[in-house]
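Asker: Just so you know, the sequences run in chain order Y and V.
Numbering of the first sequence is given in my numbering, commencing with residue 36 and proceeding in unit increments.
Numbering of the second sequence is given in my numbering, commencing with residue 36 and proceeding in unit increments.
If you are wondering where the hints come from, they were derived from the structure by calculation, not from laboratory data.
All of these numbers come straight from a predicted model, not from anything done at the bench.
Misleading hints may appear alongside valid ones.
The list treats identical chains as one, so a pair stands whether inside a single copy or across any two.
[As the list claims (entries may be wrong)] Derived pair list, reagent style DSSO-like, types lysine-lysine, alpha-carbon separation capped at 27 Å:
1. K123 - K86
2. K126 - K48
3. K79 - K166
4. K123 - K48
5. K64 - K48
6. K123 - K87
7. K86 - K126
8. K164 - K118
9. K90 - K48
10. K87 - K195
11. K195 - K123
12. K118 - K86
13. K87 - K126
14. K161 - K126
2 protein chains.
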Amino acid sequence: MGEQETAAATNPKMQVMLGVSHSIQGYPKPSISSRNALNWILTKLVRQSCKKEYKILILHVQVPDQDGFEDMDSVYATGSDVKTQQRKEEKQGLALLEYFVKQCNEAEVDCEAWLSEGDPKLVICKEAKEKRPDLLVLGSRGLGTVQRIFVGGSSSYCSKHAPCPVVIIRRDPNETPYDPMDD
Amino acid sequence: MGEQETAAATNPKMQVMLGVSHSIQGYPKPSISSRNALNWILTKLVRQSCKKEYKILILHVQVPDQDGFEDMDSVYATGSDVKTQQRKEEKQGLALLEYFVKQCNEAEVDCEAWLSEGDPKLVICKEAKEKRPDLLVLGSRGLGTVQRIFVGGSSSYCSKHAPCPVVIIRRDPNETPYDPMDD
């Protein structure tokens with residue numbers, strides 16, 4: 036109890052980390068599962084009468100092989116091609132984060148957002164180890180094979196390996212889009 | 036959003052369901068994992084400045100074969116033996132719940148507590164379907180075989196099958212008691 040009380044005194048905000056992903060269609064559209072996860076935080080977890088007591092830490096992990104170089108011939112790409120592509124990717128990642136930051140601003144809940152790169156499940160756990168949130172929230176699309184490579188598929192890994200409690204916001208089956216690319 | 040807003044207006048409290056278990060030693064000692072789970076709710080989830088906005092729904096599921104009749108020869112037990120045993124079990128279950136209710140009272144957080152009977156994982160999901168909490172919280176002891184038959188082992192099932200988001204409070208490895216019976 037002693038340690039927790041000290042932490043509460045020096046840092047009274049509940050730190051809620053949220054991993055977000057883009058839709059299968061691609062940037063900058065956020066995935067339904069990530070939107071649901073933020074919606075759960077803002078409507079269920081955050082208490083309106085003390086919304087100043089929360090901080091949402093929004094992380095988007097970019098997967099280089101999958102997101103970064105899909106339009107490029109990697110054999111012939113020059114160093115400058117790669118850099119241009121990286122800047123483009125970063126810009127798209129920031130545009131995705133902007134959606135979530137805007138939602139938090141509208142709800143008047145404090146947040147910070149950042150991009151990282153690598154295998155989402157590993158990076159989410161690593162960042163959680165650094166940030167030490169009180170709770171990690173992840174959306175989940177379900178059990179589709181394609182989706183597993185995104186954050187949705189990382190959720191079960193993270194719930195086992197993250198250093199903090201994890202809550203997975205599963206999608207209602209009737210929210211599954213007709214066209215999976217809209218996901 | 037419409038439905039959620041209506042729900043918030045008619046029922047502004049965050050309903051947090053908590054499944055609790057006794058220690059392996061038996062009643063009325065609560066398991067470390069259940070105590071941890073309540074501790075997380077009271078120190079991390081519940082915001083002190085708006086603690087009136089939470090209600091904790093505390094459920095303990097009794098397993099008849101395992102808890103109820105272990106000292107009895109079931110072949111020769113009369114109907115009255117069974118009833119006496121059931122009353123004894125119920126009393127012990129209530130004594131366990133009392134520990135958790137007392138913690139909530141001391142923290143001045145609203146709660147209700149009840150006993151149920153059956154396979155914990157199935158009953159927890161069934162009760163969650165009825166109560167529709169905003170969050171289900173379960174403690175987890177780890178991966179021990181013996182422990183799996185208690186609530187700790189139910190947590191991964193519930194996180195897949197409960198109709199609401201689930202958060203599992205895992206125990207720090209250094210909290211594992213020297214004597215597993217103290218668990």
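Asker: Since the copies are identical, ignore which copy is meant and state whether K79 and K166 lie within 27 Å (CA to CA) inside a copy, between copies, both or neither.
Answerer: The answer is both: 23 Å in one copy and 15 Å across copies each meet 27 Å.
Asker: Which holds for K123 with K48 at a C-alpha limit of 27 Å: within a copy, between copies, both or neither?
Answerer: neither (34 Å within a copy, 44 Å between copies)
Asker: State whether the alpha carbon distance between K195 and K123 is at most 27 Å within one copy, between copies, both, or neither.
Answerer: neither (33 Å within a copy, 38 Å between copies)
Asker: Go through the copies and call it for K86 and K126: within, between, both or neither, with a Cα cutoff of 27 Å.
Answerer: neither (30 Å within a copy, 41 Å between copies)
Asker: Taking 27 Å as the upper bound on the Cα-Cα distance, should K164 and K118 be classified as within, between, both, or neither?
Answerer: For K164 and K118, the Cα distance exceeds 27 Å both inside one copy (29 Å) and across copies (51 Å).
Asker: At 27 Å max between alpha carbons, let me know whether K90 reaches K48 within a copy, between copies, both or neither.
Answerer: both (6 Å within a copy, 20 Å between copies)
Asker: Up to 27 Å between alpha-carbons, please classify K118 paired with K86: within, between, both or neither.
Answerer: Result: close neither inside a copy nor across copies, 40 Å intra and 50 Å inter.
Asker: I want to check one pair: K161 and K126. Are their C-alpha atoms no more than 27 Å apart within a copy, between two copies, both, or neither?
Answerer: within (23 Å within a copy, 46 Å between copies)
Asker: Go through the copies and call it for K64 and K48: within, between, both or neither, with a Cα cutoff of 27 Å.
Answerer: neither (29 Å within a copy, 33 Å between copies)
Asker: Within a copy, between copies, both or neither: where do K126 and K48 come within 27 Å Cα-Cα?
Answerer: neither (30 Å within a copy, 40 Å between copies)
Asker: Under a CA distance limit of 27 Å, which applies to K123 and K87: within one copy, between copies, both, or neither?
Answerer: Answer is neither; intra-copy 35 Å and inter-copy 48 Å both fail.
Asker: What label fits K123 with K86 when the C-alpha limit is 27 Å: within, between, both, or neither?
Answerer: For K123 and K86, neither the intra-copy (35 Å) nor the inter-copy (46 Å) Cα distance is at most 27 Å.
In terms of the numbered hints stated before, the structure departs from hints 1, 2, 4, 5, 6, 7, 8, 10, 11, 12, 13, listed from lowest to highest.
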